[in-house]
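Build out the structure end to end from the sequences listed, making use of the hints.
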Amino acid sequence: MLPIKALYKVISEFVPDFKSNYTSCYETRLQAQKAVYLFTQLINDDSYGFSWYIAGPYSACLTHQLYNELFADDTNTSEWDKLVFTPAAQEILQKLREMLEESTAQNGDLDATKRLELLGSIWYIAANSRAIDGTNKIAVVKEKLILNKPHFRDTENLDEIINLVLCNIESNKEALTNG
Amino acid sequence: MADKKIRQIYDNLYGYITFDKEKFEFILKDSFFLRLHNLKQMGLGYYVYPDALHTRFAHSLGVYCNITKIIESQKQYTGNEIISDDDIYKIQLSGLLHDIGHLPLSHTFEEALQRFDKYENNCEKLDDKNKVVASNIVSDPDDLPKNKSENSYFDEPKLHEKLGEFVLGGSEISHQLEKRGISYLDIANGFKGFGDINSLDKPAESMYDKQIRNFLHSQLDADRLDYLLRDSGFSGVKTGSFDIDKLLNSIVYDEKANYGIDESGIRALEQFLMGRFVAYCQVVANKKVMAFEFMAQDFYFRLLKLRKEQNYHLGIRLYSYKDLVKDVLIRRPEEFLNFTDDYFFSLIREVMANKRIMQDYDPIVVKYAEMITNIQPLVPVTYFETFYEGMTSKNCFFEYLFENPHILDIISEESEVERDHIIFNKPFKVSLYKNDIDPIQIFRNREAVYQDVSECKASILNFLVSREYRIYRIYTFDSNEAIKLKVTLAKHAKGFEYKGDLKD
Numbered sequence: 001m002l003p004i005k006a007l008y009k010v011i012s013e014f015v016p017d018f019k020s021n022y023t024s025c026y027e028t029r030l031q032a033q034k035a036v037y038l039f040t041q042l043i044n045d046d047s048y049g050f051s052w053y054i055a056g057p058y059s060a061c062l063t064h065q066l067y068n069e070l071f072a073d074d075t076n077t078s079e080w081d082k083l084v085f086t087p088a089a090q091e092i093l094q095k096l097r098e099m100l101e102e103s104t105a106q107n108g109d110l111d112a113t114k115r116l117e118l119l120g121s122i123w124y125i126a127a128n129s130r131a132i133d134g135t136n137k138i139a140v141v142k143e144k145l146i147l148n149k150p151h152f153r154d155t156e157n158l159d160e161i162i163n164l165v166l167c168n169i170e171s172n173k174e175a176l177t178n179g
Numbered sequence: 001m002a003d004k005k006i007r008q009i010y011d012n013l014y015g016y017i018t019f020d021k022e023k024f025e026f027i028l029k030d031s032f033f034l035r036l037h038n039l040k041q042m043g044l045g046y047y048v049y050p051d052a053l054h055t056r057f058a059h060s061l062g063v064y065c066n067i068t069k070i071i072e073s074q075k076q077y078t079g080n081e082i083i084s085d086d087d088i089y090k091i092q093l094s095g096l097l098h099d100i101g102h103l104p105l106s107h108t109f110e111e112a113l114q115r116f117d118k119y120e121n122n123c124e125k126l127d128d129k130n131k132v133v134a135s136n137i138v139s140d141p142d143d144l145p146k147n148k149s150e151n152s153y154f155d156e157p158k159l160h161e162k163l164g165e166f167v168l169g170g171s172e173i174s175h176q177l178e179k180r181g182i183s184y185l186d187i188a189n190g191f192k193g194f195g196d197i198n199s200l201d202k203p204a205e206s207m208y209d210k211q212i213r214n215f216l217h218s219q220l221d222a223d224r225l226d227y228l229l230r231d232s233g234f235s236g237v238k239t240g241s242f243d244i245d246k247l248l249n250s251i252v253y254d255e256k257a258n259y260g261i262d263e264s265g266i267r268a269l270e271q272f273l274m275g276r277f278v279a280y281c282q283v284v285a286n287k288k289v290m291a292f293e294f295m296a297q298d299f300y301f302r303l304l305k306l307r308k309e310q311n312y313h314l315g316i317r318l319y320s321y322k323d324l325v326k327d328v329l330i331r332r333p334e335e336f337l338n339f340t341d342d343y344f345f346s347l348i349r350e351v352m353a354n355k356r357i358m359q360d361y362d363p364i365v366v367k368y369a370e371m372i373t374n375i376q377p378l379v380p381v382t383y384f385e386t387f388y389e390g391m392t393s394k395n396c397f398f399e400y401l402f403e404n405p406h407i408l409d410i411i412s413e414e415s416e417v418e419r420d421h422i423i424f425n426k427p428f429k430v431s432l433y434k435n436d437i438d439p440i441q442i443f444r445n446r447e448a449v450y451q452d453v454s455e456c457k458a459s460i461l462n463f464l465v466s467r468e469y470r471i472y473r474i475y476t477f478d479s480n481e482a483i484k485l486k487v488t489l490a491k492h493a494k495g496f497e498y499k500g501d502l503k504d
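So the sequence lines, in the order shown, correspond to chains B and Z. According to the working numbering, the first sequence holds residues 1 to 179 in order. According to the working numbering, the second sequence holds residues 1 to 504 in order.
Among these hints, one or two may not hold up.
Unchecked claim - 25 Å max Cα-Cα, derived SDA-like pairs, lysine to any residue:
1) Z/Lys326 x B/Cys167
2) Z/Lys5 x Z/His175
3) Z/Lys322 x B/Leu176
4) Z/Lys308 x B/Asn44
5) B/Lys114 x Z/Gly181
6) Z/Lys322 x B/Lys114
7) Z/Lys158 x B/Leu176
8) B/Lys142 x Z/Lys118
9) Z/Lys426 x Z/Asn395
10) Z/Lys484 x Z/Arg356
11) Z/Lys287 x Z/Ala482
12) B/Lys137 x Z/Arg331
13) Z/Lys158 x B/Arg130
14) Z/Lys491 x Z/Glu416
15) Z/Lys322 x B/Asn178
16) B/Lys142 x Z/Lys69
17) B/Lys173 x Z/Lys326
18) Z/Lys305 x B/Ile138
19) Z/Lys210 x B/Ile54
20) Z/Lys322 x B/Cys61
21) Z/Lys326 x B/Thr155
22) B/Lys137 x Z/Lys40
23) Z/Lys40 x Z/Glu22
24) B/Lys142 x Z/Lys40
25) Z/Lys491 x Z/Ile407
26) Z/Lys322 x Z/Pro333
27) Z/Lys326 x B/Asn44
28) B/Lys137 x Z/Glu335
29) B/Lys173 x Z/Lys322
30) Z/Lys69 x Z/Glu270
31) Z/Lys179 x B/Ile54
32) Z/Lys118 x B/Lys114
33) Z/Lys23 x B/Ile146
34) Z/Lys305 x B/Asn68
35) Z/Lys118 x B/Ile43
36) Z/Lys118 x B/Lys137
37) B/Lys137 x Z/Ile330
38) Z/Lys322 x B/Leu96
39) Z/Lys179 x B/Asn172
40) B/Lys173 x Z/Ser320
If you are wondering where the hints come from, they were derived from the structure by calculation, not from laboratory data. Computed from a prediction, not measured in an experiment: that's the story for all the values here.
Written out as structure tokens, the structure reads:
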């Protein structure tokens, strides 16, 4: 599991006003879950044990960590805001930012919650499906995605967004293999 | 001659269980489902109760059967269908497939894999480049990752349920479900039972989510109803039995998917909860059953640890949870078909065949292999059983040992028993009935008259609600060690109010 200050900083990077909205707003919680999922995939960290739930990849462990460590009575995050990311972490965050930006270029209509839900779900489905044939990979992932999330059926440029995630999975694999 | 449209399987508890072939045959014939024939429901429990040889396969059919009967019995209360046909089908599928991810010796390997997962995560923090990135995200030396708390696993879906999602994904069943317009992830969600936790975090619950949670993850779910009756029947522990027909006929689901029991079924409910309590105390917490379970679990954990720490490889491949999820079930799912009780015994044979070499790596592993081969359990040193009443490390010796594990090092030195030979595991806990997270309502003519059965003054549960039984056990490897240990433990237990049979 990530240390709490790092976790707080990572989520804050992608979910505005995360701390103040988290307990009252489902969409904020959803964004936090998906952002951490994508980030931990990029660093190949499986310690959160993400598994599929209604809105896609979900970790009960993460929920507990946030409630127990971040929302504990004596937690004061104002000092944490001053912390800076290490260069290695910056690199990973940049990859995630780029993926989000490129998906926005493909489809600007999705709001932040739907975008993270979509990217997280595609990543989860593609990474955890039994070996998918190379030629029709996009179609297979798309079919599985729509079966689980019919509300993404008419998403503009869905094929391109799926392809974007698949490319990121591949390049991440290579990066991890090469150290 | 036309093919029959139904398939009937004769079950020892319920007689014929009927399946619509169109809907279920692809599961009943699937090799991943048939694998459950090779997983005994009670693990090594048959070493103590010789007839406890029943399997996860029979149990899965039983859960399907109970779900179907409960749905059927609702007609007497409403006359209308309160659950749509599509949802009934999905609930039945989740019930039938709920144990598809089960591991060798059932919960025994689950514990070993969880333990190893935790251990591996701790190691990787130190030796994996990417984990170094993870723990150095911000420039703050105080920001160290914490381990998963003891409670975190309790609140998560069980490991075999999480694994079940990946097993379904790796099997032909997922394709067959998708052909029928059903997502395997949706079915896995049903049996993972996220719905009964994280109330703070979940989205608004649909009727279906609530129904499936109550069918598969409540105090009166179809899973418990079957395994208690089956375990009691096959182990021969008759005190665990109850009136299943009366109970199934009394379960009520209202229009809002709340569940409970008709007031005419209160005594059957009491008998069921008492039966469950007794079965846990008498069978699961049996000193020999617990000993065998620990031995098998620790045996596999130690082998995984040897592979990690010393790069020692047996002739048989070992699987951690990560190996299964990240590799086997995605790339070579058919390999999982051999991950059964037989696999465990192959490992035992392999260790026995390589005894001399293994002895140098980890003599305890060899000891376990020998003892399991000879059906010889660990030797009990002492135990303490009680209903929990505010015991703390100040007044209870066993709680004190938990909080201060280094005391066991001292006890090891003083008693001259190797530290590895002192086996003190977390206490076994069971409650008769919990009303705080999952109350069982009482209905009269389908109107709730009590929100929780323990509010009913005429029910015995009124007196026994939320009482938690605990048993602590300490084991070792032979009776000489047991005597030495007991004397030393008794010396350290002086002054404690609660110390079991450790006399001054």
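The hints, checked one at a time:
1. Z/Lys326 x B/Cys167: Judged against 25 Å, a Cα distance of about 19 Å means the pair holds.
2. Z/Lys5 x Z/His175: Between Z/Lys5 and Z/His175 the Cα gap is close to 22 Å, so the pair holds against 25 Å.
3. Z/Lys322 x B/Leu176: holds, 16 Å
4. Z/Lys308 x B/Asn44: holds, 18 Å
5. B/Lys114 x Z/Gly181: Answer holds: B/Lys114 to Z/Gly181 is near 23 Å, not above 25 Å.
6. Z/Lys322 x B/Lys114: violated, 29 Å
7. Z/Lys158 x B/Leu176: Given that 25 Å is the threshold and the Cα spacing comes to 29 Å, the pair is violated.
8. B/Lys142 x Z/Lys118: The given pair, whose Cα atoms are some 34 Å apart, is violated under the 25 Å limit.
9. Z/Lys426 x Z/Asn395: holds, 17 Å
10. Z/Lys484 x Z/Arg356: Measuring from Cα to Cα gives roughly 29 Å; hence the hint is violated.
11. Z/Lys287 x Z/Ala482: Roughly 14 Å between the alpha carbons, so the hint for Z/Lys287 and Z/Ala482 holds.
12. B/Lys137 x Z/Arg331: At roughly 15 Å apart (the allowed maximum being 25 Å), Z/Arg331 and B/Lys137 satisfy the hint.
13. Z/Lys158 x B/Arg130: holds, 22 Å
14. Z/Lys491 x Z/Glu416: holds, 14 Å
15. Z/Lys322 x B/Asn178: Holds, at roughly 20 Å.
16. B/Lys142 x Z/Lys69: violated, 38 Å
17. B/Lys173 x Z/Lys326: Given pair B/Lys173, Z/Lys326 holds - Cα atoms ~13 Å apart, limit 25 Å.
18. Z/Lys305 x B/Ile138: violated, 39 Å
19. Z/Lys210 x B/Ile54: Within the cut-off at roughly 13 Å; holds.
20. Z/Lys322 x B/Cys61: holds, 17 Å
21. Z/Lys326 x B/Thr155: Roughly 30 Å between the alpha carbons, so the hint for Z/Lys326 and B/Thr155 is violated.
22. B/Lys137 x Z/Lys40: Given pair B/Lys137, Z/Lys40 is violated - Cα atoms ~39 Å apart, limit 25 Å.
23. Z/Lys40 x Z/Glu22: Distance ~28 Å between Z/Lys40 and Z/Glu22 Cα, so the pair is violated.
24. B/Lys142 x Z/Lys40: Roughly 39 Å separates the two Cα atoms, so the pair is violated.
25. Z/Lys491 x Z/Ile407: holds, 12 Å
26. Z/Lys322 x Z/Pro333: Cα-Cα ~14 Å, so holds.
27. Z/Lys326 x B/Asn44: holds, 11 Å
28. B/Lys137 x Z/Glu335: holds, 24 Å
29. B/Lys173 x Z/Lys322: holds, 16 Å
30. Z/Lys69 x Z/Glu270: It holds: about 20 Å lies between the C-alpha atoms, which stays within 25 Å.
31. Z/Lys179 x B/Ile54: Roughly 21 Å separates the two Cα atoms, so the pair holds.
32. Z/Lys118 x B/Lys114: Between Z/Lys118 and B/Lys114 the Cα gap is close to 33 Å, so the pair fails against 25 Å, i.e. violated.
33. Z/Lys23 x B/Ile146: Given that 25 Å is the threshold and the Cα spacing comes to 22 Å, the pair holds.
34. Z/Lys305 x B/Asn68: With a Cα-Cα distance of about 30 Å, the restraint between Z/Lys305 and B/Asn68 is violated, given a limit of 25 Å.
35. Z/Lys118 x B/Ile43: holds, 18 Å
36. Z/Lys118 x B/Lys137: violated, 34 Å
37. B/Lys137 x Z/Ile330: holds, 15 Å
38. Z/Lys322 x B/Leu96: holds, 24 Å
39. Z/Lys179 x B/Asn172: violated, 32 Å
40. B/Lys173 x Z/Ser320: Holds. B/Lys173 to Z/Ser320 sits at ~21 Å (cutoff 25 Å).
Hint compliance for this structure: hints 6, 7, 8, 10, 16, 18, 21, 22, 23, 24, 32, 34, 36 and 39 are not met, and every other hint is.
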